[in-house]
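Next come the chains, spelled out residue by residue.
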Amino acid sequence: MVFVAVAMLAPAFLGGCSSVKIAGRVAVKGSEPHTYLVLVSNGQDYKLVGPLRDEIWKSFQGQRIRVRGRIVREARGPGFPAELEVLEILGVEPPEGS
Amino acid sequence: MFESTSVDLIPATCRKVVSGVSTDFGDKTLNIWVANDCWTVGGTKSRLIDQDMVDALAAKFLAAGEDNDIYDWVTNIYGEEWGTTSYSNLIDPNDEITILLYDIADDNSTAGGIVGFFYGKDNFVADPDLGIEHSNERVMFYIDAVMYAQEEPDGDSWEITDFWPSEIVSTLAHEFQHMIHFYQKTIQLAGSGTETWLNEMLSMATEDIVADKLGVDGPRGVAYADPTEGVYPLYQGRLPLYNYYNDISLTDWPPITDSRIYSSYSINYAFGAYLMRNYGGAPFLRNVLLNAYTGSDAVEAALTAGGYGVDFATVLQRWGAANLLSDSTAAPAGYRYNVADWFTSSLGGVAYRLGSINLYNYVLLLSAPPNPDTHEGPYIYTGAPIGAFGSHPPAANIYYRLGSDLTGRVDADVDMGSGVRLTVVVKDD
Chain A
1 MVFVAVAMLA PAFLGGCSSV KIAGRVAVKG SEPHTYLVLV SNGQDYKLVG PLRDEIWKSF
61 QGQRIRVRGR IVREARGPGF PAELEVLEIL GVEPPEGS
Chain B
1 MFESTSVDLI PATCRKVVSG VSTDFGDKTL NIWVANDCWT VGGTKSRLID QDMVDALAAK
61 FLAAGEDNDI YDWVTNIYGE EWGTTSYSNL IDPNDEITIL LYDIADDNST AGGIVGFFYG
121 KDNFVADPDL GIEHSNERVM FYIDAVMYAQ EEPDGDSWEI TDFWPSEIVS TLAHEFQHMI
181 HFYQKTIQLA GSGTETWLNE MLSMATEDIV ADKLGVDGPR GVAYADPTEG VYPLYQGRLP
241 LYNYYNDISL TDWPPITDSR IYSSYSINYA FGAYLMRNYG GAPFLRNVLL NAYTGSDAVE
301 AALTAGGYGV DFATVLQRWG AANLLSDSTA APAGYRYNVA DWFTSSLGGV AYRLGSINLY
361 NYVLLLSAPP NPDTHEGPYI YTGAPIGAFG SHPPAANIYY RLGSDLTGRV DADVDMGSGV
421 RLTVVVKDD
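Line by line, the protein sequences are chains A and B.
Residues 1 to 98 (the numbering used here) are what the first sequence spells out, left to right.
Residues 1 to 429 (the numbering used here) are what the second sequence spells out, left to right.
Just so you know, the hints here were simulated from the structure itself, not pulled from any lab data.
It is possible that some hints are incorrect.
With a Cα cut of at most 25 Å, we get these calculated SDA-like pairs of lysine to any residue [to be verified]:
{"hint": "1", "chain 1": "A", "residue 1": "Lys58", "chain 2": "B", "residue 2": "Ser418"}
{"hint": "2", "chain 1": "B", "residue 1": "Lys45", "chain 2": "A", "residue 2": "Glu32"}
{"hint": "3", "chain 1": "B", "residue 1": "Lys213", "chain 2": "B", "residue 2": "Ser249"}
{"hint": "4", "chain 1": "A", "residue 1": "Lys21", "chain 2": "A", "residue 2": "Gln61"}
{"hint": "5", "chain 1": "A", "residue 1": "Lys58", "chain 2": "B", "residue 2": "Ile256"}
{"hint": "6", "chain 1": "A", "residue 1": "Lys58", "chain 2": "B", "residue 2": "Ala395"}
{"hint": "7", "chain 1": "A", "residue 1": "Lys58", "chain 2": "B", "residue 2": "Pro393"}
{"hint": "8", "chain 1": "A", "residue 1": "Lys58", "chain 2": "B", "residue 2": "Ser249"}
{"hint": "9", "chain 1": "B", "residue 1": "Lys427", "chain 2": "B", "residue 2": "Ser346"}
{"hint": "10", "chain 1": "B", "residue 1": "Lys16", "chain 2": "A", "residue 2": "Val4"}
{"hint": "11", "chain 1": "A", "residue 1": "Lys58", "chain 2": "B", "residue 2": "Lys427"}
{"hint": "12", "chain 1": "A", "residue 1": "Lys58", "chain 2": "B", "residue 2": "Gly295"}
{"hint": "13", "chain 1": "A", "residue 1": "Lys58", "chain 2": "B", "residue 2": "Val420"}
Stretch-level coverage of chain A by chain B, calculated; a stretch enters the list once three of its residues show a Cβ under 8 Å from a Cβ in chain B [claimed, not checked]:
{"hint": "14", "stretch": "28-35"}
{"hint": "15", "stretch": "45-58"}
{"hint": "16", "stretch": "81-91"}
Cβ coordinates follow ideal geometry from the N, Cα and C atoms, glycine included.
Given the sequences, and given the hints that come with them, work out the whole structure.
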């Protein structure tokens, strides 16, 4: 029997998608060592990928931000949300309810 | 660090099947697989697994009889690890759990690293279109074989009570919470993942609440059979590091490549330990898991379900005070770490015990022996003017000593940022 242990799944790239603008709260989800950064927007998670991910992880946890990006992978199910490649950080949004 | 983007194919052999074990959720089967390069015959790692080790691990996790193993104690709190779902791309339940023992991160390490993990990808069908292409299609978790096989001291005979084997046993309970969490909250209740700080807090709280049953010291770092605060100095467990970094954010979580991750584990253990000891123990843990919330609102929902009329910000404040009062066994309800005895709770006819904690007993080694630099007890700022701390992280407490041997009226101007609350603790030392 051969088991498959995966540290990080390589996303299937959906080429040719137009960009979207999404605002949401930045949070880290999952359990170690498979944590992932998400934007929680209107109750839906978007897993953030791409070169801007690390900056968002470091600087914007817990804050609401607006980004421009493109969906590069559809959601597979709970805990495996759609993947949003962040192309641009547009700004920090006021806290929800303010 | 474990950051490979490659797919690891792990040749392994099934070394143990424990089948037909009666539980509250029906008969269950445990399969233990060992990576071929970690096996006593033909293995190449620095420490190798043998059949006695496999048998001992199985006995800790799933054994015939009632109320006598990790499966019983942890499912009694959180519920069943897997079942039917409304998703066509998730595997069907078959009442089997698999443990894979292998060298996580291929680091051949006997001195730390990733001890174990659960990864929900294995609960999906292995279909690149419908599910997750690298799924093992099993309800399973992964345990580091090399650390589990590490005897103490080096060269002595292996015992499951040795340091790293004990850590692995505790890790079984930790990872089992993650496994059940994925099914009960992520799949069935919330429909989305849980914030990492909360998920890890629950896992470390689980280690804490079953430590005395398992016969391991757990994250508290006091002998498992000792209900008291232990004896100074205490170097083990999560709390020495917590004390030194007690002012970081509870809810921010670093990436795995950041060494501050250990501090995040430690602060979330300290918070979970406080919550259990003040808000209901095992029933509180159950209430945190079994709701549809995935962040601090899950804690608030549990507090409400338990009849405690407090919100998250209030428990953060009380927790801060509890830190400073942990050397007292007479702190008021809601501010306790230490009663010089067990904190007890009961759920489903099972009694759970949590030992007392005095944060002032813990010592962190800041440098290597001999004559290491050390830090003792909660980190409390002195000398700096209040307000001169730069940014205050979210969901964080900062501790400042205004003075000692003060008498009469004391006035202080406190410059606080928006959303920051002040708590004053007066101790009569």
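| query | Regarding the pair Lys58 of chain A and Lys427 of chain B, is the alpha-carbon distance no greater than 25 Å? | reply | violated (38 Å)
| field | Hinted pair Lys58 of chain A and Ala395 of chain B, Cα distance within 25 Å | value | The given pair, whose Cα atoms are some 16 Å apart, holds under the 25 Å limit.
| message | So if I understand the rule, the pair passes when the alpha-carbon distance is 25 Å or less; does Lys58 of chain A with Pro393 of chain B pass? | response | Given pair Lys58 of chain A, Pro393 of chain B holds - Cα atoms ~13 Å apart, limit 25 Å.
| 8 Å C-beta criterion, at least three residues: is the stretch 45-58 of chain A covered by chain B | holds (count 3)
| message | Lys58 of chain A and Ser418 of chain B were given as a pair; does the straight-line alpha-carbon distance stay at or below 25 Å? | response | Distance of about 22 Å is within 25 Å: holds.
| message | Can you confirm whether the C-alpha distance between Lys16 of chain B and Val4 of chain A stays at or below 25 Å? | response | Distance ~19 Å between Lys16 of chain B and Val4 of chain A Cα, so the pair holds.
| query | Going straight from one Cα to the other, do Lys21 of chain A and Gln61 of chain A come out at no more than 25 Å? | reply | The hint holds at about 18 Å.
| field | 25 Å Cα cutoff - pair Lys58 of chain A, Ser249 of chain B | value | With Cα atoms ~13 Å apart, Lys58 of chain A and Ser249 of chain B stay inside 25 Å; holds.
| Taking 25 Å as the top limit, are the C-alpha atoms of Lys58 of chain A and Val420 of chain B close enough? | Holds. Lys58 of chain A to Val420 of chain B sits at ~22 Å (cutoff 25 Å).
| Are the Cα atoms of Lys45 of chain B and Glu32 of chain A separated by 25 Å or less? | holds (24 Å)
| message | Between the alpha carbons of Lys427 of chain B and Ser346 of chain B, is the straight-line distance 25 Å or under? | response | Violated - the C-alpha atoms of Ser346 of chain B and Lys427 of chain B are around 33 Å apart, more than 25 Å.
| request: Closer than 8 Å, Cβ to Cβ, for at least three residues: run that test on the stretch 81-91 of chain A against chain B and report holds or violated. | output: With 1 residues in contact (Cβ-Cβ under 8 Å with chain B), the coverage given for the stretch 81-91 of chain A is violated.
The structure fails to meet hints 3, 9, 11 and 16 from the earlier list, while all remaining hints are met.
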